[in-house]
Amino acid sequence: MKDWIPFVAIPLTISGATVPGFANTYLTVEQAQQTIFPGAAFTRVPRTLTPDQQKTIESRARVGVRSRDLKAWKVSNGGWFVVDQVLGKHEYITYAVGLTASGAVKQIEILDYRETYGYQVRDQSWRQQFVGKTAESPLNLDQDIRNISGATLSSRHITDGVRRLLVTYEVALR
Amino acid sequence: MKSRCAEFKRARPLLGTIVEVTLFGADTERCEEAFEDAFAAISLVQRQMSFHDSSSVLSRINSEAATRPVPADDATFRVLRMAQLFNQASNGLFDPTIAAHLEHAGFLPKSSANDQPPSASFDDVELLPGKRVRFRKPGIRLDLGGIAKGFAVDKAVSALRRKGMMSGLVNAGGDLRAFGSRPFAVGIRDPVQPDRISVRLVIRNRALATSAHYFASRLRPGATAGPFVNPRLGRFRSTLASVSVAAKNTLVADALTKVVMLDPESSLALLQQFAAESLVHTLEGAMFSTPNWHEKLQTAA
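Those sequence lines, one after another, are chains A and B. Take 50 as the starting number for the first sequence in this note's numbering and just add one per residue. Take 257 as the starting number for the second sequence in this note's numbering and just add one per residue.
Chain A with its partners taken away, still in its complex shape:
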């Protein structure tokens, strides 16, 4: 490394030992609804997939169904609004998909994502701590640095998730 200057910096841990990783919260469910369908009204439609529906979705979408309970809302304009979670190797992402009345993707918004390394993400109680978190109640992480250079997080799991939701729409919502 001729002509380069040795650089010394104290490595910093961005968070405490209990909640490692990075987290960002963007929108609450209500905010995402108004972002994707401005001015519309939303009716929660409780829907639980039957084991048969789950099997159909899994084979057609080629991804596993993590939860049989759908978080779906019927939109006053005939569309659907669905909130879903995907779990990658290092990321836990909550996102919302707006579907038009004909079942096409109108818009995808990420509600929050958390990056993790290690066991936490597989642990139900660890995941529970994020339930109900909103943009107004950010996690207790270092708020200074939420802009990371070098974070090449993949969006592949969201792509898989949206494919699964489109099949779910065909099978259980339409």
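Computed far set for chain A versus chain B, every beta-carbon distance over 12 Å:
hint, residue
1, Thr99
2, Arg111
3, Ser116
4, Asp118
5, Asn126
6, Ala153
7, Ala221
Ranges between beta-carbon positions, derived for each pair:
hint, chain 1, residue 1, chain 2, residue 2, range
8, A, Glu79, B, Glu289, 11 to 21 Å
9, B, Glu289, A, Ser116, 27 to 37 Å
10, A, Ala153, B, Cys261, 35 to 45 Å
11, A, Pro55, B, Ser310, 43 to 53 Å
I should point out that these hints are in silico values taken from the structure, not numbers from a laboratory. For clarity, every value in this text was computed on a predicted model and none was experimentally measured. Heads up, the beta-carbon is just placed ideally off N, CA and C, and yes, glycines get one too.
Fit chain B to the supplied structure of chain A, relying on the hints for placement.
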């Protein structure tokens, strides 16, 4: 709902990563419109320059430019021009024709089986009048991955400015750019322990891009390096785990990270030529920077 200056953030899955836009503004509605424009600008670049999407302009060039000149859209042609500039300025180190090499290494989907890596380089790509592209040899496949993501960030920033946004930041999976007078604290990820920040700095009206090995080597068991190919040697060669470059725009920063990754010692002059600063992590865990890193960038306490 008027407040003095609130922070708004949105994120969408684009460019194969998570693209995040941060805005500071007083008017919620104006910010919402600006978000739409910024994401639309990025989606457009994705449709034009995706290597994976067979309907992109780039894919049409890749499949037809060996047989006839293929017209490109303004943006794709501009990025190809910039690629040519970096190719020449780096003596061929920066080379978007390495896609075929990457396919062989398993980083990109194979477009046709049993292809040997062609002995082609960016010299065999002709940028013709009328924004047309022609390949002098068959088997060339351009991959603008080393530059298009940065370009997309720049386009998003332009869209935000056109909407009158005074300050904000666009981050496409680590290639980011801050605009306006507001300073932004930014962390560079530690390539050895990716859950940590190794360096924090403050950027203002500047772009920062990082290329690194960490995720790539984990995706492919047995891979010892990221998707970096030295066009002269045609195989992986890097002593660095991570390269960050700060420059006036994200395209420049993005392209320069690839050059530094391949040849840190001879890239100092190039960095200077583009008024860019760089900080690198070696595979052994040491950090080095260009002499102007401290002058130009404020390292956060």
